[in-house]
Every structure is written in C-alpha cells, then in structure tokens.
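2 protein chains.
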Amino acid sequence: MSRPSPTSPLRLGLIGFGCVGQGLYDILQRQPAAGFVVQRIAVKNPTKLRPLPADRFEFHADDLLDDPSLDILVEVIDDPAEAFRLVSEALRRGRRVVTANKAMVARHLPELIALQRRFGGTLLYEAAVCGSIPVIRTIDAYFGQEALPEVSGIFNGSSNYVLTGMTSAGADYATVLAEAQAQGFAETDPTLDMAAFDPRAKAVILAAHAHGRLLDPDQVLNLGIEHITAADIRFAAGRGQKIKVVACLHRLPGGGTTVFVAPQLLGPESPLYHVEREFNGVEVEAEFAGPHFWRGRGAGGHPTGSAVLADLAALRAGFRYAYPKLGALTTTLPADLEVEVYLRNLPQPLQAALALRDVSDAPAAPDRAEDYVIGYARLSLLHRHRDALRAAGAFVARTGPLRPVAEVPAPAHREPAVLAG
Amino acid sequence: MSRPSPTSPLRLGLIGFGCVGQGLYDILQRQPAAGFVVQRIAVKNPTKLRPLPADRFEFHADDLLDDPSLDILVEVIDDPAEAFRLVSEALRRGRRVVTANKAMVARHLPELIALQRRFGGTLLYEAAVCGSIPVIRTIDAYFGQEALPEVSGIFNGSSNYVLTGMTSAGADYATVLAEAQAQGFAETDPTLDMAAFDPRAKAVILAAHAHGRLLDPDQVLNLGIEHITAADIRFAAGRGQKIKVVACLHRLPGGGTTVFVAPQLLGPESPLYHVEREFNGVEVEAEFAGPHFWRGRGAGGHPTGSAVLADLAALRAGFRYAYPKLGALTTTLPADLEVEVYLRNLPQPLQAALALRDVSDAPAAPDRAEDYVIGYARLSLLHRHRDALRAAGAFVARTGPLRPVAEVPAPAHREPAVLAG
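Which chain is which? The protein sequence lines are A and B, in order.
Residues 1 to 421 (our numbering) are what the first sequence spells out, left to right.
Residues 422 to 842 (our numbering) are what the second sequence spells out, left to right.
I should point out that these hints are in silico values taken from the structure, not numbers from a laboratory.
Note that beta-carbon positions come from the ideal geometry of N, C-alpha and C, so glycine has one too.
Hints are supplied without guarantee of correctness; some may be wrong.
[As the list claims (entries may be wrong)] Which stretches of chain B does chain A cover? Using the computed rule of at least three CB atoms under 8 angstroms from a CB of chain A, they are:
1) 447-460
2) 554-568
3) 704-717
[Claimed, not checked] Which residues of chain A face chain B? A few of them, derived with a C-beta cut under 10 angstroms, are:
4) 22
5) 56
6) 59
7) 147
8) 149
9) 150
10) 170
11) 171
12) 214
13) 296
14) 332
15) 335
[Said to hold, decoys possible] One-sided excerpt, in silico: chain A residues whose CB lies under 10 angstroms from chain B:
16) 36
17) 40
18) 117
19) 145
20) 217
21) 305
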C-alpha cells in the first residue's frame, strides 16, 4: 500500500473511545485542517451504546497493529495491562504510538524506552501527565540541558476539586466527593485519585525526564485525602494555609532523587495555593532559568484530547523524547529524607513505629475535636506503614521542609580521657 | 574541513558578549556535557574591558559568517540594524542561527521567514520573548493545532519591577526607577521598557506564532508608565487592584487580531496580579486545552542564556518553527476595537480628539489631587494620539473589557409615517 504524500492527512488508528478518545475525535472533526483523520476505531465492548454509528467501530485492536495504512496508533483505553500489551506490541513493530495511560507508562517505562531503542518506533505520552499542560515535552526538550533541583505540583484534578470544595464550602469529604462524582470530576471508584495513586504515577514519569531516574511506582510513597476531615481544613486555615495534594520530585546535591506524593499545607506565597478545582499546577526550579510555574486544566476530554493532538503533531514533525538525563535503564530507589508532617488520628502503635522526631506538642485548643501531632518522619517509614495508616483512618499532611535523615545519636558513653604526655 | 561527528560538541560562533552572551558562556562552561563549545567570539569594541582573556575575542563578526567550521551562529548584540544585517546574511548562507534581539525580529519577521524558506537555514529566537519562559516554542509547536482566542501577559520585567516597587513601598516613579537602575533591573535609558516599546516587539513576534498575523510594530499601540504617579497606584488599590503593563493579543471571531500593550488595572482573580518584580507571566486561552498560565524570569543573563541554550539543543534535534497559522508573508493592521480606559492628566483638546464614549463621571474624592475620566476609547485613536498623550504627561490604563467599535448613531430624523393602505 502506498504511503500518503506529505500533504495527505495522517491516518490514525484509535484504540479506545472513552473520555479522551471522544475528546480527540471531536477536536479532529472540528479541525479538518489539522491534517489527521481517524481511519479505524477499536473498542472492547460490542454492545455499549456509543455516540457514533455502529459501523465506525471494530472490536479487535490487534487488527489495527497489523494495518500498515495507519500512520499512528493512539491508545486511550482504561486497562493498564491491556494497554501495555498493545503499546509494546506496536513498538515491537517499530510503530509511532501515542498513549494517555499514566499507570501503564509509569510501571513499564524502562521496557517502553528499550523497545523504542531496539525497534526504532516512537512513543509519546504528554496526555498522561497534567492533562493539557505541556509538562513532559517542556521538561524533556526545553529544560534538557540544565539541572532541575525541584519539580513539584498538583497533578490530580479530582482530589484538588474535592479539596477546593471542602475549603470553600466548609463541607465534609463525603459530601464534596459525592458532588464531584455527580459532576464528572471524580470516578465512581475514587481510590486511584483520592489515595494519590494517580499523581504518583505521574511523578514517576516526570522523574525519568526531569532527573533521569527510573522508579518502581510501588517504591514511591503516596499519601492521600481519603481520611481528611473539616477539622484538618480548619487547622490549615488557622495557619493561613490550604491543604493541597502535592507531588514532589526533589534532587539531592549528591545526585539522588526523592519522589513522593502527600497532602501539604501551603500558604498564599506558594503558586500552588491558587490552583483550584480541577486545575493542575507545576512548579519547576531550574538551575539557570530559575523558578517556573505552569497552570492548566488537568483533565477532561477536550484538554486531554488536545494534548494527544499535540503529540500527533510532534510525531509528524519528527519529535521524540530525548530522556536527556537518563543513564542505564535500571530502576533505583527514591532517596530517603525526613519531612515535617501533621498527623491526625494516629494510633499509638503507629506513632511509635514512625519514630517521629522533634515532635511539637500540639497546642491546647478547646474547639479541637481530635488530637494531632506535628513532627519529622522518615519518608521510608511513612512508606512502610502507608497501608496501616490508611487502615487506621489516619490523615497525614506535610507541613514543612525536607531535611536529611538524622543519625540517631549514640548513647552517652565517655571514653576515658587520655592525657597527652 | 571535516564535519564534527554526531558525538562531537557543536561549535558556536558567538556574536556579542553582553549580558546574554556572558550568561550563555557561563552556563556552557559549567555544563561541558551539554555538547556545545564556544569556538569564536566576535565583539564590537576592541578596547572594552572584558571578563575573559583578550585573545578570546575578535572584532569582525562577518568573519564568523564565513567560517564553515562553526555549526551554529548565536547573535546577541544590542544594535537591531546590525543584528539584522548579520542574521539575514547568515540565513542567506543557509546557516543555523539563534538570536535574542526582539526589536530586530519584530521588525523583520517577514524577511527572516522568507530567507529561511529560500535558503534552507533556520532561525530560532526563544530568548527574545519573556526570557526563560518557553512561550514561542510552546505556542508554535504545542498549540499549533488549535485556535488561541487570547494571549496576554506581562512581557517586560523592568516596568513590572518598578510597578511592584511603587505598589509595595508607596514610592513615586522616579525613586523606584532610580533604584531599579541601580540594581540592574532597568536600563540607563528606560524608554524602551517604560514606554512599552519592548513588550510591543514581543507581542508582535507572538502574534505571528499564535494568530498567524504579521504586524508592523509601528502600527501597534503601546502605552507605558512614564507618567504614572502614586495617585494612580492608589486609585487602583481603592478598587482592590494593581496596575500591570499587559500585552494583549485578542483574536476576533471573524479572524482578525487586535494587538496592543497598555497599563491595565487587574484584581487578584487575574494570575497576572500575582506576577511581581522582574518576573514575566503569560496567559493563553486555547480553544480545546482551555486556560493556561506560565510564569518565570523575564530577564537576566542566566535565564536568557538558558533560553538560548534551549534553542541550541532544539537546533541540534532538528526543530524549526512551523508558523502553523501563518498565511501569506504580508503585514496586516491590528483590528480596531474600543477599550475601557482610565485617563489622568488629559488635556481637554486630547479628550475631544479621543472621542471618549460612555464616560463615567469621576466620583468626587476630597483626597484626589488630580482629575481623571473613565470611558471607552478606540484603540486606533489612542494609537494616533499616542505621542501627544506622552508629550502631555497623560497616564492611560485599561480598566475593562474590549468591545466592538460602536457605530455613531445617526442624528435623530423621523421618516414621515406611511400609513398602510
């Protein structure tokens, strides 16, 4: 079959027709001059009602991988395992692929990079991180030549929408979550978003581009807001702060990287304080360019479809990620640091297990219904006890800076004095 | 002479060694792994004291254009006319060139694009607009596939530094300007920055990438802050607002574009309200991706040098601007609209010449030292009378929305009634 001439539209094989797939399809219908046409659409469920005529759909995605008339494959399905099977198979055939599946990319990035190097295909995934914000491309291609000591941000629009609702309306978590679900800003199963698995995947992807570090998502701490209450919001407000779920990529002077996601108390001096509802925000500290901040819509069919379209145009222009800071394709552990945290509803055994240091006594407050402590905790211990914290209904939020893990001072022990003679 | 192998560093010919040139040089010295080496440096003045040994410099920039061993030419001199002569000559030889000269690019963009098309060279100029913020590349390459109804922002760090000082310290213009000059945040001749010629050039450049419009800078309205007083700052504060110099690129539904730069009163709901000191901020409204905001350092040797380095890396990767929205290489006029403005110290003849509409009576205020009016003015009339406004010491600031130019209602005239028979 002949290849299209340079001026012909590029032919897309679209795998998946959910929120992102429909967003992309709609944008391309309204932008015929963009130079892309959806040639084939593969979906999973033959009986689901869809907004296009039934003859637009087929049900064997593998058939699209085999079709040489398709210039680019766009994978936008929900299932990470099936997405990896399809994308890795396409890359094994040297194809050009765009995906929006953050969980899949975060878990399989070393293999996905290796497959591109071996078979010459290209994979782009801008839509996987922060929706319409061009964060991956900018960090990879624009800031590829300089160190980025810190990259942090609000990477999940659903939990931010809930936090904005709780803060502005004084409502409780369950009420606001139900409203967010009704309005389409939160999934029916909210765990991935509210327990911060989703922003953790995005942080793992960015760590590869920003710091050249490949991390196993399971090794990265994620703390969420499933157990937040109005009391926590009030506690933050009493300090002039808001609570936001912040992903933090922190490069250590020695070259290591710490990556974790946790609720954090922030004041108005932080640009993230002003990121509300379903928006995402990213702060980048660049060695020479200085501090940067980007804000945009983190979710939604059109914004995410727009990011997929930007990847399609980039593929047409010959762009590929350079991974400019990446060394060997081996995963490393995030470096361990101590972080100042607020912990509420923390059972005594867990408090002991976390070995908190420099604990401030909580000031007595007559209107305070529950107890909390503030102290320094090691990220590695928070990670080890994360499931126990969730099971106990504890809420944990970062309140202050990172610092090196303190050496436990040795017990007092005096050497006999040696008199110089 | 043999070409360098792909792994050899690319050899740069650096023309100019002021703030940006030294910033780039310093970054490259600290980043030997970036893959670029400054091979030759041409400067104008043979007697000036410089921070490198004298044998690093030569004095005939044309010699660099002729040197086939140089992979990329970097033009970072002050003089726009000489910069155009050198860059256009280099493009005529099909060379790869990076420039930071906004005035030159804004004035000669049609020729610069035509030369690249004819001779196959490439010109990048990210450092010309908003220092370290990747605004041109993102608008050209990432948002090239969708309409951008509005692009606006703070494009000049010097005037923003002065406004921040006036607002926070309550000081007058001359005092803060002198302090900014002493700290290196404003030039000795402040006209280009304070009278908004500099942000106008940047707006003209962005109009080509964002809206596909080539404009003659002289046809674009620029109003500055040379005549701002503490009374204006107080007036804004009384409305809960700050004054910022905002460049506005506004795309009309019919396809035209309005571009102008003027002081503007903004409240805390605007992201630009929070952009202080020498920082720049850019707001982009994208048809599908929605609202975006970017903030970063707008000036300085390292931030601007970082933007030049990003262009060098982009050239190495084969990147070139696509100008995705550009049609014919002809300049057009900005579309005319009416804008709500605050005008203080406006002589009566000028008030008549501006033909203000819907003028609000200024409320009586006993502590108000000077008179002002608020009303709608046509951008074209403000442009026609810009020099007279400056000469009269008037201060003009946008206070409200844009609207179509109103038709002057015809004088009352009654047709004789025709009775239907």
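Broken hints, by number: Going through the list in order, the structure violates hints 4, 5, 6, 8, 9, 10, 11, 12, 14, 15, 17, 18, 20 and respects the others.
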